[in-house]
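Enquirer: Residue numbers (my numbering), protein chains in the order written: chain A, 1 to 92; chain B, 1 to 252.
Calculated directly from the structure, the hints in this document are not laboratory data.
Any given hint could turn out to be false.
With beta-carbon atoms standing in for the labels, derived distance ranges [stated by the list, open to error]: (1) 175(B) to 35(A): 24 to 32 Å; (2) 79(B) to 21(A): 50 to 58 Å; (3) 186(B) to 48(A): 26 to 34 Å; (4) 76(B) to 80(A): 55 to 63 Å; (5) 184(B) to 30(A): 30 to 38 Å; (6) 78(A) to 103(B): 45 to 53 Å; (7) 38(A) to 224(B): 26 to 34 Å; (8) 61(B) to 51(A): 41 to 49 Å; (9) 224(B) to 53(A): 27 to 35 Å; (10) 184(B) to 76(A): 36 to 44 Å; (11) 179(B) to 2(A): 30 to 38 Å.
With the C-beta cut set under 10 Å, the calculated list includes, among others, these residues of chain B facing chain A [said to hold, decoys possible]: (12) 34; (13) 37; (14) 123; (15) 126; (16) 151; (17) 153; (18) 155; (19) 170; (20) 175; (21) 177; (22) 188; (23) 213; (24) 216; (25) 228; (26) 230; (27) 236.
Glycine is no exception: its CB is placed at the ideal position from the N, C-alpha and C atoms.
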Amino acid sequence: MKITIKAFAMFREVMDIQLELEVPAGGTVRTLLSDLTARYAGLDALMFAAPDTLRDFVNILKNGRNIHFIAGLDTPLDEGDLIALFPPAAGG
Amino acid sequence: MSTASPDSRFLRQIPLFGKEGQKKLKDARVLLAGAGGLGSAIALYLASAGVGFIRIADEDVVERSNLNRQILYHETDIGACKVEAAKKTIHSLNSGIEVEAVCRHIDEKSAGDIVRGMDLIIDGMDNFAARYVLNRAGLDEKIPFIHGAVNGFYGQVTTLIPGITPCLRCLVPTTPTWEKKVIIGVTCGVIGSIEANEAVKYLTGTGKLLQNRLLLWDGLLGEAESIEIASSPDCTDCGFSEREPDGRRIVS
Numbered sequence: 001m002k003i004t005i006k007a008f009a010m011f012r013e014v015m016d017i018q019l020e021l022e023v024p025a026g027g028t029v030r031t032l033l034s035d036l037t038a039r040y041a042g043l044d045a046l047m048f049a050a051p052d053t054l055r056d057f058v059n060i061l062k063n064g065r066n067i068h069f070i071a072g073l074d075t076p077l078d079e080g081d082l083i084a085l086f087p088p089a090a091g092g
Numbered sequence: 001m002s003t004a005s006p007d008s009r010f011l012r013q014i015p016l017f018g019k020e021g022q023k024k025l026k027d028a029r030v031l032l033a034g035a036g037g038l039g040s041a042i043a044l045y046l047a048s049a050g051v052g053f054i055r056i057a058d059e060d061v062v063e064r065s066n067l068n069r070q071i072l073y074h075e076t077d078i079g080a081c082k083v084e085a086a087k088k089t090i091h092s093l094n095s096g097i098e099v100e101a102v103c104r105h106i107d108e109k110s111a112g113d114i115v116r117g118m119d120l121i122i123d124g125m126d127n128f129a130a131r132y133v134l135n136r137a138g139l140d141e142k143i144p145f146i147h148g149a150v151n152g153f154y155g156q157v158t159t160l161i162p163g164i165t166p167c168l169r170c171l172v173p174t175t176p177t178w179e180k181k182v183i184i185g186v187t188c189g190v191i192g193s194i195e196a197n198e199a200v201k202y203l204t205g206t207g208k209l210l211q212n213r214l215l216l217w218d219g220l221l222g223e224a225e226s227i228e229i230a231s232s233p234d235c236t237d238c239g240f241s242e243r244e245p246d247g248r249r250i251v252s
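In isolation and in its complexed conformation, chain A is listed as follows:
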């Protein structure tokens, strides 16, 4: 199944701004991130504080909804999903 990934802010400094990926059925955000970190050097260090632990600024939206309120890294992927990697700015 095909999904689209959009990267914002500093994620763009280590990966493509947007890409379409063919992912296997049954894929989750965790398997997607594993694929992306293998693909882009520097992404793993930017995203993860420890294995399986995202840094606190890493917000991932599945079709606009934060995976925090779905199933976290186990959030399933579906055909046509738009996954946004969004590190919110916090300053004012």
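We have chain A; now place chain B onto it with these hints.
Expert: Only chain B this time, still in chain A's reference frame:
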């Protein structure tokens, strides 16, 4: 020099939303939370547009390191209370509006007083702890909350309307921390201006708000993109699942 009617300063903008729209701006009461880089751009544009009542809340004093972005202040303001200095600058731009300077920390204790009587909350804050407090207060009082934040050359804006859009907690459930605080003034100008634009649109009923959309600004690329966002039924703050069928939040 013009000595025409007080409205002459608005001649170029009234065609955009009519005299009725201009009156709506005049009658509006907005809370500007934070008088820093974002707050500077927001305050100046709201004052110049003729928003009639601006309550500015911030507890800081002006520091030299603020001057790369906080365009409400000048070198002579260093050491002064920000909201008082801001009030002075705003009144030198438009003496016909009311500015209420609130030199208070924004927390659970002060939030009720700070948002009371406001039509709109505009985010010029520099931390998520205060943003979550006003997100909650806005939900409780059913006051729309225009969120904006900046980091380096990046920033984001969205207009959060209780019962209609996600709340801030839906979008960003936990406080994002950044080791380095970096910012260039122009990013505050871009994001603050977009927030002020949202405020003008909301208050005058003009255009299409950034509601259920998140605008992300990338100053390094020189590009903005907006993506659709959605409420989280399990959000701990807006409890979207605890709403009436028409979307209104059930307040117990």
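Enquirer: Hint by hint, where does the structure go against what was stated? Just the numbers, ascending.
Expert: The structure breaks none of the hints.
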